[in-house]
Structures are given as structure tokens and as C-alpha cells.
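Chemist: Please arrange chain B on chain A, whose structure you already have, making use of the hints.
In order, the protein sequence lines correspond to chains A and B.
Those letters in the first sequence? Residues 1 to 114, per the numbering used here, in order.
Those letters in the second sequence? Residues 1 to 109, per the numbering used here, in order.
These are calculated hints, taken from the structure and not from any lab test.
From a predicted model like this one, the values you see are computed outputs, not experimental measurements.
Where hints are given, some of them may not hold.
In the BS3-like style, the derived pairs of lysine-lysine whose C-alpha atoms are separated by at most 30 Å in a straight line are [said to hold, decoys possible]:
hint: 1; chain 1: A; residue 1: K20; chain 2: B; residue 2: K96
hint: 2; chain 1: A; residue 1: K41; chain 2: A; residue 2: K66
hint: 3; chain 1: B; residue 1: K70; chain 2: B; residue 2: K96
hint: 4; chain 1: B; residue 1: K96; chain 2: A; residue 2: K102
hint: 5; chain 1: B; residue 1: K57; chain 2: B; residue 2: K96
hint: 6; chain 1: B; residue 1: K70; chain 2: A; residue 2: K41
hint: 7; chain 1: B; residue 1: K70; chain 2: A; residue 2: K102
hint: 8; chain 1: B; residue 1: K57; chain 2: A; residue 2: K41
hint: 9; chain 1: B; residue 1: K56; chain 2: A; residue 2: K41
hint: 10; chain 1: B; residue 1: K104; chain 2: B; residue 2: K57
hint: 11; chain 1: B; residue 1: K56; chain 2: A; residue 2: K102
hint: 12; chain 1: B; residue 1: K57; chain 2: A; residue 2: K14
hint: 13; chain 1: A; residue 1: K55; chain 2: A; residue 2: K102
hint: 14; chain 1: A; residue 1: K55; chain 2: B; residue 2: K96
hint: 15; chain 1: A; residue 1: K41; chain 2: A; residue 2: K102
hint: 16; chain 1: B; residue 1: K96; chain 2: A; residue 2: K64
hint: 17; chain 1: A; residue 1: K41; chain 2: A; residue 2: K14
hint: 18; chain 1: A; residue 1: K41; chain 2: B; residue 2: K96
hint: 19; chain 1: A; residue 1: K66; chain 2: B; residue 2: K96
hint: 20; chain 1: B; residue 1: K104; chain 2: A; residue 2: K41
hint: 21; chain 1: A; residue 1: K20; chain 2: B; residue 2: K70
hint: 22; chain 1: B; residue 1: K59; chain 2: A; residue 2: K41
hint: 23; chain 1: A; residue 1: K66; chain 2: A; residue 2: K55
hint: 24; chain 1: B; residue 1: K59; chain 2: A; residue 2: K102
Chain residues, written in single-letter form:
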Amino acid sequence: GAVVSQHPSWVICKSGTSVKIECRSLDFQATTMFWYRQFPKQSLMLMATSNEGSKATYEQGVEKDKFLINHASLTLSTLTVTSAHPEDSSFYICSARRGSEKLFFGSGTQLSVL
Amino acid sequence: TQLLEQSPQFLSIQEGENLTVYCNSSSVFSSLQWYRQEPGEGPVLLVTVVTGGEVKKLKRLTFQFGDARKDSSLHITAAQPGDTGLYLCAGEGYQKVTFGTGTKLQVIP
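In isolation and in its complexed conformation, chain A is listed as follows (with noise of 0.2 Å):
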């Protein structure tokens, strides 16, 4: 089956800094790509939708200047928490899919700032 990468698996930063994310489609071509949030014992919360080519479509009370998200190419889309604090700590998890095919999510990032 499809294979979707996320890396890095955990990463610990110190308040005030950035950090990247990145989630790769492996073996199929995603013209879409979703970032996803989750505190411990939640749900997944819709951060933003990325589109191939174009500007990401966050979800309401998502600061886009925040978590930048960029899709340059058709397997590679990358999350940026920027000047990151506690509150940012969670589970970042990505998903792709070629058109409207079977979603594929990564394995997670569990982002922890001190």
C-alpha cells in the first residue's frame, strides 16, 4: 500500500524557536495534503488543507503566520511552527491522497517545547 513519511518522529526545541515538519508521499503523487493536531487523549483537529502549487486553506482559529505550510511539490508538503511556545506541544500527524483517493497518514510528530 501507499506509504506517507513523516519525520521527524519527536523533536524537543526551546521557547522561541522553529521548527519544521516534513511529510512525504513515498510511492504515489499527493495532490493533497492535510495537517492534523492532537492533544493527548483527543481527537485530530483539522490545522489546514494544502493543495499542490497553492496557498494552504487553514481551518478557522489556525494563525496561518504561525504554521506555515508549504506544498512545493507533488510528494513533499512541510508544516513550520514558528517562534514555538509550550502551548504548541502536540501530535502533529499529516495525511495525503492523489485526487480523491484512499487517504494515507503519516506516523506522527510529537512536538514537545521546554
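Modeler: This is chain B only, laid out in the frame that chain A set:
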């Protein structure tokens, strides 16, 4: 905003019991998926239902999509400890996939 409410939020049962998880919304979805997620991992797709009234079976799991395509249910027969996990429904609509509030299931041996 499309909201998907799952009930119950938490469920702890003995091995061998049956259970049903509900997923309800006021929105209509073109399809609905059910996932199971383990801690620290991404969700794993269990099933996708597309047609209103559709029923799908996956071994001891039975999934149903409401006639109006606004709600769904997941029924597990003779639950086993290996069924323990976070169950998530997710609705597809308006070019995005929105997840339900989640049901944390614990099956006690």
C-alpha cells in the same frame, strides 16, 4: 464548520461483550470512514462507507452509514483486548476530511 460527535467518549468493557459506537453530525458527507489509532501513531483506516444505508462487515466489526449520510455506527461483537484503542469516525465533504471527537475503548481481559 462540519462537526462530528461521537458517543460514548469513553468505554470500558469486559472481554466478550458487545458494544456500539455512534458518530453523529448535522452535515451530509459524501463518505465516512472509521479509523483506529494507537498512542503515538497515525490512524489506521478500518472501513469507508459511501452509500446511505450501507452496511459493511469486517470480521467482528459491523459499520453502518445512515440513510441521510449524516451519521454512522460501529458495532463490535465479542470484544477482545486487541480491540483496545481510540476509534475515530471521519467525514468527507467540501474537499476535506473532518474527524469525530473520538471514542476511547478499553477491553479488559
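Chemist: Each hint needs a verdict: does it hold in this structure or not?
Modeler: For each hint, the structure was consulted:
no. : hint             : in the structure
1   : A:K20 <-> B:K96  : holds, 23 Å
2   : A:K41 <-> A:K66  : holds, 24 Å
3   : B:K70 <-> B:K96  : holds, 16 Å
4   : B:K96 <-> A:K102 : holds, 12 Å
5   : B:K57 <-> B:K96  : holds, 25 Å
6   : B:K70 <-> A:K41  : holds, 25 Å
7   : B:K70 <-> A:K102 : holds, 20 Å
8   : B:K57 <-> A:K41  : holds, 27 Å
9   : B:K56 <-> A:K41  : holds, 27 Å
10  : B:K104 <-> B:K57 : holds, 21 Å
11  : B:K56 <-> A:K102 : holds, 17 Å
12  : B:K57 <-> A:K14  : violated, 48 Å
13  : A:K55 <-> A:K102 : holds, 22 Å
14  : A:K55 <-> B:K96  : holds, 15 Å
15  : A:K41 <-> A:K102 : holds, 25 Å
16  : B:K96 <-> A:K64  : holds, 18 Å
17  : A:K41 <-> A:K14  : holds, 24 Å
18  : A:K41 <-> B:K96  : holds, 23 Å
19  : A:K66 <-> B:K96  : holds, 21 Å
20  : B:K104 <-> A:K41 : holds, 8 Å
21  : A:K20 <-> B:K70  : violated, 37 Å
22  : B:K59 <-> A:K41  : holds, 27 Å
23  : A:K66 <-> A:K55  : holds, 15 Å
24  : B:K59 <-> A:K102 : holds, 21 Å
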